[in-house]
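S.K.: Here is what each chain is made of, one letter per residue.
Number of protein chains: 4
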Amino acid sequence: MHRNATEAQIDAVCKRIEDAGNTANVLPGATRTAVAITGNETGIAAERFLGMPGVIDCVAVTNACRLVSREMHPQRTLVDVRGVTIGDGNCTTIAGPCAIESRDQAFRSAEIVAASGAKLFRGGAFKPRTSPYSFQGLKHEGLKLLDDVKREFDLRIVTEVRDSETLDAVELVADVLQIGARNMQNYSLLEAVGKRRTPVLLKRGAGCTLNELFLAAEYILSLGNKQVILCERGIRTFETMTRNTFDISAIVMIRHHTHLPVIADPSHGVGIGWAVPPMAKAAVVAGADGVMVEVHPQPWSALSDGQQALTPEAYAQLVREMNELAAWRSKQPTVIPAQ
Amino acid sequence: MHRNATEAQIDAVCKRIEDAGNTANVLPGATRTAVAITGNETGIAAERFLGMPGVIDCVAVTNACRLVSREMHPQRTLVDVRGVTIGDGNCTTIAGPCAIESRDQAFRSAEIVAASGAKLFRGGAFKPRTSPYSFQGLKHEGLKLLDDVKREFDLRIVTEVRDSETLDAVELVADVLQIGARNMQNYSLLEAVGKRRTPVLLKRGAGCTLNELFLAAEYILSLGNKQVILCERGIRTFETMTRNTFDISAIVMIRHHTHLPVIADPSHGVGIGWAVPPMAKAAVVAGADGVMVEVHPQPWSALSDGQQALTPEAYAQLVREMNELAAWRSKQPTVIPAQ
Amino acid sequence: MHRNATEAQIDAVCKRIEDAGNTANVLPGATRTAVAITGNETGIAAERFLGMPGVIDCVAVTNACRLVSREMHPQRTLVDVRGVTIGDGNCTTIAGPCAIESRDQAFRSAEIVAASGAKLFRGGAFKPRTSPYSFQGLKHEGLKLLDDVKREFDLRIVTEVRDSETLDAVELVADVLQIGARNMQNYSLLEAVGKRRTPVLLKRGAGCTLNELFLAAEYILSLGNKQVILCERGIRTFETMTRNTFDISAIVMIRHHTHLPVIADPSHGVGIGWAVPPMAKAAVVAGADGVMVEVHPQPWSALSDGQQALTPEAYAQLVREMNELAAWRSKQPTVIPAQ
Amino acid sequence: MHRNATEAQIDAVCKRIEDAGNTANVLPGATRTAVAITGNETGIAAERFLGMPGVIDCVAVTNACRLVSREMHPQRTLVDVRGVTIGDGNCTTIAGPCAIESRDQAFRSAEIVAASGAKLFRGGAFKPRTSPYSFQGLKHEGLKLLDDVKREFDLRIVTEVRDSETLDAVELVADVLQIGARNMQNYSLLEAVGKRRTPVLLKRGAGCTLNELFLAAEYILSLGNKQVILCERGIRTFETMTRNTFDISAIVMIRHHTHLPVIADPSHGVGIGWAVPPMAKAAVVAGADGVMVEVHPQPWSALSDGQQALTPEAYAQLVREMNELAAWRSKQPTVIPAQ
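Residue numbers (my numbering), protein chains in the order written: chain H, 1 to 339; chain C, 1 to 339; chain S, 1 to 339; chain U, 1 to 339.
Among these hints, one or two may not hold up.
Stated by the list, open to error - Below are the EDC-like pairs computed for lysine to aspartate or glutamate, each with C-alpha atoms no more than 16 Å apart in a straight line:
id: 1; chain 1: C; residue 1: K150; chain 2: C; residue 2: E191
id: 2; chain 1: S; residue 1: K195; chain 2: S; residue 2: E171
id: 3; chain 1: U; residue 1: K331; chain 2: H; residue 2: E324
id: 4; chain 1: H; residue 1: K119; chain 2: H; residue 2: D147
id: 5; chain 1: U; residue 1: K139; chain 2: S; residue 2: E191
id: 6; chain 1: H; residue 1: K139; chain 2: C; residue 2: E191
id: 7; chain 1: H; residue 1: K331; chain 2: U; residue 2: E321
id: 8; chain 1: C; residue 1: K139; chain 2: H; residue 2: E191
id: 9; chain 1: C; residue 1: K331; chain 2: S; residue 2: E324
id: 10; chain 1: S; residue 1: K331; chain 2: C; residue 2: D154
id: 11; chain 1: C; residue 1: K119; chain 2: C; residue 2: D147
id: 12; chain 1: S; residue 1: K119; chain 2: S; residue 2: D80
id: 13; chain 1: U; residue 1: K331; chain 2: H; residue 2: E321
id: 14; chain 1: C; residue 1: K331; chain 2: S; residue 2: E321
id: 15; chain 1: H; residue 1: K331; chain 2: U; residue 2: E191
id: 16; chain 1: S; residue 1: K331; chain 2: C; residue 2: E321
id: 17; chain 1: S; residue 1: K139; chain 2: U; residue 2: E191
Unchecked claim - Okay, the calculated beta carbon distance ranges per label pair:
id: 18; chain 1: H; residue 1: E18; chain 2: C; residue 2: K331; range: 52 to 62 Å
id: 19; chain 1: H; residue 1: N22; chain 2: S; residue 2: P333; range: 35 to 45 Å
id: 20; chain 1: H; residue 1: C14; chain 2: C; residue 2: R76; range: 46 to 56 Å
id: 21; chain 1: S; residue 1: P333; chain 2: H; residue 2: D11; range: 21 to 31 Å
id: 22; chain 1: H; residue 1: D11; chain 2: S; residue 2: R3; range: 22 to 32 Å
What the hints assert, rightly or not - Sample of chain C residues with no beta-carbon within 10 Å of chain H, all distances over it, derived:
id: 23; residue: N4
id: 24; residue: A30
id: 25; residue: M72
id: 26; residue: P74
id: 27; residue: R108
id: 28; residue: V173
id: 29; residue: N225
id: 30; residue: P297
id: 31; residue: Q307
id: 32; residue: A316
id: 33; residue: P333
In case anyone wonders, no lab produced these hints; they're calculated from the structure. All residues carry an ideal CB built from backbone N, CA and C; glycine is no exception.
Excised from the complex, chain H in its bound form (with noise of 0.2 Å):
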């Protein structure tokens, strides 16, 4: 409350508390008069309050996320992707490239992961682009070769599902639904993904903080889908010499404040081929249950994102480097610590 607030202006703030169910709690200070609300489970829309007379500020305390908090849910999920489990202290691996463009090159990228050891293959089928003059995927036709590879290789499936229209075909295939970062909070397809069964990865927006990636992350959990992975892809900032800035930092918070388990991407973090390695094995090494990168037979005839795609020697290195940081990490003591 301002510091001349009336008795009659606290009253009436502690009124609309407790008709609302909850119990206003009265704090003199040194300057102000605190009101504290207890009672509430989920918080209370600060709307409320704000704009009353002799209000000045009002402060969420509470964790507005019940199903994706760690204090809430102690236990690590594990996601469970065609027998690769995702989140047991190990880092998986998922490689491809951007967008699925032909058979030719969907199944010489499929060679060069799974020669790698990995056993998740990204590819886009239907591409979310900027603008509506690129190159935006083979759509059924991609998925088509998308299974083809399936089938052919000991390979699970992550692809990106760009609507509701199309989410039957794409599970079809899609061994993990992708959510692309631009449709981190299209609350539509998030009920949607939430009523299936099949794992999601839910890649962060790039302008969106970590507290509306978890709101997101609960949106699909509260609908009954507990086989979520969170995905940090980078967020924009104003620095340019890099595509976004890929925080890191964000893998730390996810594993401390969520039960759920995270991949990194750095491909679309830094959006410079060169720049993906150091920044994978950062991710590794600060916690990452997995890292996604983009990896390409040829990068430089790419139809999208070829700028960030390693080629598949970079590619064969970075995996085998990744390997031994995870199985460093793995003899640590701790990664992240407990709450």
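Based on these hints, arrange chains C, S and U on the given structure of chain H.
M.R.: Just chains C, S and U now, with coordinates in the frame of chain H:
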């Protein structure tokens, strides 16, 4: 090219440019050699060159927007909302509550809006909310109430469409289809409204650049719907004293670089009721084609965003002041200079 | 406290609060127990508690600004610049070139400014520049030219002081000491001007929050110099179409939360000459106590920041329009509401 | 040039380029004509052209950094700190408390640091603080204590210099002069340390781009002090869960684009003690030449930034792990690729 780039490296770049059907112009400079690309109409993806030996940087100079750009289409677009023209030099007021909450609240709000002389009524039936536990709108029942408002008052309806599934239902009621900030890059939804002919109000995403906003509009225009209004509603920055940073220069840039009308939404922009009027007036003077504000019969009892809604009294005063400023503005030589 | 915090952990927190001479208020809630601290006048550093077992978060609610806050000092500050009052409800124009380049340029600029009726002239003698190879100002020779302008015209001088070493020399000429945005948190310089009695124009750093701006001003006031004017000149965001994002809501927040006058600097805010007038006018309507704009007899030949300077013609029109808006503004009931 | 630019407008641009002694290259394209400037060594200010009739945009392609750029000086800089080399491929640990608080605290901290095998001790005597009411350091008494530590232990001293006035006193004690993030663009201070020969640790400002960091270093190098170490300590973004966003990709970019060593400061980067170790390890793997961390004998009783200091136990474990990772790193083919 790197200052030590070899002839062979420069030749390889030129070859790739010419293989794509464009022209390479080699420009030796004081410390580096540049290669300029001409003959391309829509820009060449940087990924084709970044990563090639000897290449240091790749700078786009072509405007990627063909349909939205004022350089290409100097004539300003007029949007017709059932007889009300937006973009003709006047400043249109759009007002109403954040969400439709009940028949009584909808009708009392509509009375306030109609009494002010405004012709467009806003109100959400489908509300995208950060938390799954927040009020999500009355949905189809809310649309029904909006339809009742439309029949009762001389008001056009601006309401948000959240997904393709509910587009038909929303379009039956809406005179303007609003695409929310979180859906600005939901390309499936952009494509869906691009195929309709109802005017679209496209809000800038909080983490999106103006160039991305223009390209999102380009999706809609490229599918045939030319009746697009852009909307600035605040961007996400490090400042926390306001909900967002309301970027008034965006209004100036939109009017300079595009031919589409632009609406300001200071309610979401600052998120604090008492700060909305000065920002709304600033937007008028900066050249907005319209201002959208939230008003509620009782802001403190609103089910969403009450802290940013105006009281009926504050709203009435604001409309009067905005009208005076718009009249003043129309007498000045130019608001935003031509390119 | 964490929902599983033990009694002993809560007791340890209370003990630490009471050992510091404050009062601990234990508030058991639905899921967690909160401990409110009262009795402290300036806020307690969160670091005293974060890291203690069982502590989840520590939220500051006390206002750290004692002298700058309008809550503490409701009376608005009037700054007297040799007979010109800033902060009395009028809107003061400050104009001139970015840098003083020559006697001819300085005098031609001063003529333009004086002819418009403005009373304050800006011009840099010591210019902080991002690159060491850019023009750094005429330094002491520039001060001499400013002094000549001051003697020749009825103009007060606003010029930047870059360091304590040159403060004496600058103060001999300056009617207002400008602290540049890059020096907003140069506390040695803030302390130096805090000990003087010449008015100070303190620019908000491009990466600084309003709360940090208020605390920077608090440094100056706490040393006895109460004649402080705050200045919004744009913040750094992800948007690249403008030089900075000119945060007009900052004007509203400064007037609401502090008693100090606020000046808008749209020239640095947007950095594009043709976009300055609409932003300047928006700032007037939003409640600025003054507007500072760059004008140059020949913008295209300026040695610094020419792209954002107004031509003499554009400047003359802008001053006329700003004066009309300021007159209009003074007739309205309130610009920014009291707290 | 604008697509409708006239011949005369293009000619005027060419004339201005040639009048400045450079060469204009006219490049007619599919929709627009571009004019490329060659023959300039340091870039031409865009302000010379923006605002000219028919000009739409002006894009800088020249690298403004002559001395800092690795393109110009491929040989990596080695910084010699009294016998300890930074930048030779090893990873140097710098550790100590945020501020020197007392003889006892300084010596106990130094013991912890020396026991870990680290050779560089950090500790602030002059502390720039956001609020004038926060602890500002012991100042000259703190320097005296640092000098005592230096005599007692085999440790080199890294401490901040806040202004030119105290530079002599600080330089008597410091083996490395630290320029704090808030002073990164305090050009008077940069010039002052540029004239000395003591190594400088230049911290990136929280709101500053990497390019601005490089240009700030360019100030120091251009005055003759070549012993400059750059430091990433987190940037300001919209995310509030961490104190700053610790930009690990900055380490990769600095090593790629400059020849200067780079130190990571994860303590300020994340600002939360338990999150420092994973970020520190990530920085090592990403290629940092050193890591600076805050350690305090009793973090919870620290007079500043205690929430981000490590306990002696956590510090000891971290140093052990960082050393293992640095050893692993030195066996890999390359960390950051050459340009």
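S.K.: Next, verify each hint and record whether it holds.
M.R.: Verification of the hints:
no., hint, result
1, C:K150 to C:E191, "violated (27 Å)"
2, S:K195 to S:E171, "holds (12 Å)"
3, U:K331 to H:E324, "holds (12 Å)"
4, H:K119 to H:D147, "holds (15 Å)"
5, U:K139 to S:E191, "holds (15 Å)"
6, H:K139 to C:E191, "holds (15 Å)"
7, H:K331 to U:E321, "holds (11 Å)"
8, C:K139 to H:E191, "holds (15 Å)"
9, C:K331 to S:E324, "holds (12 Å)"
10, S:K331 to C:D154, "violated (32 Å)"
11, C:K119 to C:D147, "holds (15 Å)"
12, S:K119 to S:D80, "holds (12 Å)"
13, U:K331 to H:E321, "holds (11 Å)"
14, C:K331 to S:E321, "holds (11 Å)"
15, H:K331 to U:E191, "violated (48 Å)"
16, S:K331 to C:E321, "holds (11 Å)"
17, S:K139 to U:E191, "holds (15 Å)"
18, H:E18 to C:K331: 52 to 62 Å, "holds (54 Å)"
19, H:N22 to S:P333: 35 to 45 Å, "holds (37 Å)"
20, H:C14 to C:R76: 46 to 56 Å, "holds (54 Å)"
21, S:P333 to H:D11: 21 to 31 Å, "holds (29 Å)"
22, H:D11 to S:R3: 22 to 32 Å, "holds (31 Å)"
23, N4, "holds (17 Å)"
24, A30, "holds (23 Å)"
25, M72, "holds (14 Å)"
26, P74, "holds (22 Å)"
27, R108, "holds (18 Å)"
28, V173, "holds (18 Å)"
29, N225, "holds (13 Å)"
30, P297, "holds (14 Å)"
31, Q307, "violated (4 Å)"
32, A316, "holds (17 Å)"
33, P333, "holds (35 Å)"
Violated hints, in rising order: 1, 10, 15, 31; the structure is consistent with all others.
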